[in-house]
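Peer 1: Residue-level listing of the chains:
Number of protein chains: 2
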Amino acid sequence: MDSRQQFLDKSDKLKEVFLPHLSADPVIFGFDHNELKVLLLKMNYRKQWVLPGGYIRKDEDLDEAVVRILKERAGITHIYLEEFGVFGKKNRSELYFEDFDETLFQKQRFVTVGYYALCNPARFKLIADEYSETCEWICLNNLLEIDLAMDHREIIGKALLTIREKISHKPIGYNLLPEKFTLSELQKLYEAIVGKTLNRGNFYRKIMNLGILKKLPEQRKGGAHKAPDLYSFDKRKYMKALDNGLNNW
Amino acid sequence: MDSRQQFLDKSDKLKEVFLPHLSADPVIFGFDHNELKVLLLKMNYRKQWVLPGGYIRKDEDLDEAVVRILKERAGITHIYLEEFGVFGKKNRSELYFEDFDETLFQKQRFVTVGYYALCNPARFKLIADEYSETCEWICLNNLLEIDLAMDHREIIGKALLTIREKISHKPIGYNLLPEKFTLSELQKLYEAIVGKTLNRGNFYRKIMNLGILKKLPEQRKGGAHKAPDLYSFDKRKYMKALDNGLNNW
Chain A
23 MDSRQQFLDK SDKLKEVFLP HLSADPVIFG FDHNELKVLL LKMNYRKQWV LPGGYIRKDE
83 DLDEAVVRIL KERAGITHIY LEEFGVFGKK NRSELYFEDF DETLFQKQRF VTVGYYALCN
143 PARFKLIADE YSETCEWICL NNLLEIDLAM DHREIIGKAL LTIREKISHK PIGYNLLPEK
203 FTLSELQKLY EAIVGKTLNR GNFYRKIMNL GILKKLPEQR KGGAHKAPDL YSFDKRKYMK
263 ALDNGLNNW
Chain B
23 MDSRQQFLDK SDKLKEVFLP HLSADPVIFG FDHNELKVLL LKMNYRKQWV LPGGYIRKDE
83 DLDEAVVRIL KERAGITHIY LEEFGVFGKK NRSELYFEDF DETLFQKQRF VTVGYYALCN
143 PARFKLIADE YSETCEWICL NNLLEIDLAM DHREIIGKAL LTIREKISHK PIGYNLLPEK
203 FTLSELQKLY EAIVGKTLNR GNFYRKIMNL GILKKLPEQR KGGAHKAPDL YSFDKRKYMK
263 ALDNGLNNW
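For the record, the sequence lines run as chains A and B.
Quick note: the first sequence uses this note's numbering, first residue 23, plus one each step.
Quick note: the second sequence uses this note's numbering, first residue 23, plus one each step.
Hints are not guaranteed to be accurate.
No distinction is drawn between identical chains; accordingly, a pair holds when it is met within one copy or between any pair of copies.
Stated by the list, open to error - Below, in silico cross-link-like pairs of lysine-lysine (DSSO-like), each with a Cα-Cα straight-line distance of 27 angstroms or less: (1) K112 / K243; (2) K192 / K228; (3) K80 / K259; (4) K236 / K180; (5) K112 / K202; (6) K236 / K80; (7) K210 / K32; (8) K112 / K80; (9) K37 / K147; (10) K80 / K69; (11) K218 / K236; (12) K259 / K202; (13) K243 / K262; (14) K262 / K93; (15) K248 / K35; (16) K218 / K35; (17) K218 / K180; (18) K93 / K37; (19) K111 / K218; (20) K262 / K237; (21) K129 / K202; (22) K32 / K80; (23) K35 / K192; (24) K259 / K228.
I should point out that these hints are in silico values taken from the structure, not numbers from a laboratory.
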């Protein structure tokens, strides 16, 4: 079907069911092959990439809406979403719908609420919705090369800043790494988030000081070098650090 | 004027000017006489206390709206507001307007965006708006004794949790304390925020370790005890810690 017509056909139905002016955009980060990725849809219309966002039903709570939206748009369920910012510039989505007239539901001004989550992409089978050609994990390093719609680049940037700030006082990695990992793999995750190379010695000292790791009596075999030790998170201490922050007053 | 009539008279005008379904609520914390306080209005209608919140104009950005709202409702200007959460339960304000019919603008479902700020109350002359009897700094310790409308108690609670988490990795106090202060006064501020008494020795050691304080060559005179040293913030180091967080990777 013509992708422009798809918007027109849906507009009246959307007006009935959804609140005007309000949307939600989930920024789902995945860590995979030592790279940080973000979940994006390539829209049929204009072939631009977007976050898997959507509208809020008149009869549902905002928190319920974002869970439903993520399921409908990308097939993702059972993921913990946290709100991180609201994007309320008056012209933020105007341009995207410039070829439509003002009666189109999708064209009105939307203030969008950003949610983020961190996950292991291997857990999910992605299913793109009817408005999208494809649904994919895109490396953060490749974001500059793709055509992102509206202010979605800014939204992803703010989400990334939020997790960057978070790892200064909260542990990270539990839903992102396999159960057993090497310190080098954990360092790669931290490097992907802070966006720079970390000194190995400093990193090891700081991460061990947090007291959230368990050294396992096994090594990762098969590499060219000395087999590195495997670790896992001490779940009780990890959860405690998550609740309290890493440095209390 | 009858406070119920006040709502009815404004409804049509509000519909013209403001976005439906969206509001903003500023939670302004003040620190004064060693106590943490929050800015509240006592509404003419029902005599309940509320945050100084309001609606978003169709032609303004969300960030502009909250600044205007705070000025209109409480006379407060020149204050740095930070978004901390969105409150989107579908029935959150239903009860407050139960004596009105569905056509009232103010009665519709509103998703509200919470902003917080920290300030020194001495800086401001409060001016209550036409909907309110009074505009006051209310001690957090007295919040349980007053009648707070809608979910405003929950919103204040979330704002407080946000600054509690923030002080684990960001410095605090710059806009809250006078230019010169004793370590004991700074400790009182931290205690007011975390909501518990802190060990004096631990607090002094941790706060000095942050490297954001300058010891001044003067003492606070006039107490019964030995005159305590005065400190001020080292603005450059304070701002750097604010930018980077207190513990980087």
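Peer 1: Decide, hint by hint, whether the structure agrees.
Peer 2: Verification of the hints:
| no. | hint | result |
| --- | --- | --- |
| 1 | K112 / K243 | neither (55 angstroms within a copy, 54 angstroms between copies) |
| 2 | K192 / K228 | both (13 angstroms within a copy, 19 angstroms between copies) |
| 3 | K80 / K259 | neither (41 angstroms within a copy, 48 angstroms between copies) |
| 4 | K236 / K180 | neither (32 angstroms within a copy, 33 angstroms between copies) |
| 5 | K112 / K202 | neither (47 angstroms within a copy, 42 angstroms between copies) |
| 6 | K236 / K80 | neither (47 angstroms within a copy, 54 angstroms between copies) |
| 7 | K210 / K32 | neither (44 angstroms within a copy, 57 angstroms between copies) |
| 8 | K112 / K80 | both (22 angstroms within a copy, 8 angstroms between copies) |
| 9 | K37 / K147 | neither (31 angstroms within a copy, 44 angstroms between copies) |
| 10 | K80 / K69 | neither (30 angstroms within a copy, 30 angstroms between copies) |
| 11 | K218 / K236 | within (26 angstroms within a copy, 32 angstroms between copies) |
| 12 | K259 / K202 | within (16 angstroms within a copy, 40 angstroms between copies) |
| 13 | K243 / K262 | neither (32 angstroms within a copy, 43 angstroms between copies) |
| 14 | K262 / K93 | neither (30 angstroms within a copy, 41 angstroms between copies) |
| 15 | K248 / K35 | neither (62 angstroms within a copy, 74 angstroms between copies) |
| 16 | K218 / K35 | neither (47 angstroms within a copy, 53 angstroms between copies) |
| 17 | K218 / K180 | within (17 angstroms within a copy, 33 angstroms between copies) |
| 18 | K93 / K37 | within (21 angstroms within a copy, 34 angstroms between copies) |
| 19 | K111 / K218 | neither (31 angstroms within a copy, 40 angstroms between copies) |
| 20 | K262 / K237 | within (19 angstroms within a copy, 36 angstroms between copies) |
| 21 | K129 / K202 | neither (47 angstroms within a copy, 53 angstroms between copies) |
| 22 | K32 / K80 | both (16 angstroms within a copy, 24 angstroms between copies) |
| 23 | K35 / K192 | neither (43 angstroms within a copy, 47 angstroms between copies) |
| 24 | K259 / K228 | both (16 angstroms within a copy, 22 angstroms between copies) |
In this structure, the hints that do not hold are numbers 1, 3, 4, 5, 6, 7, 9, 10, 13, 14, 15, 16, 19, 21, 23, in rising order.
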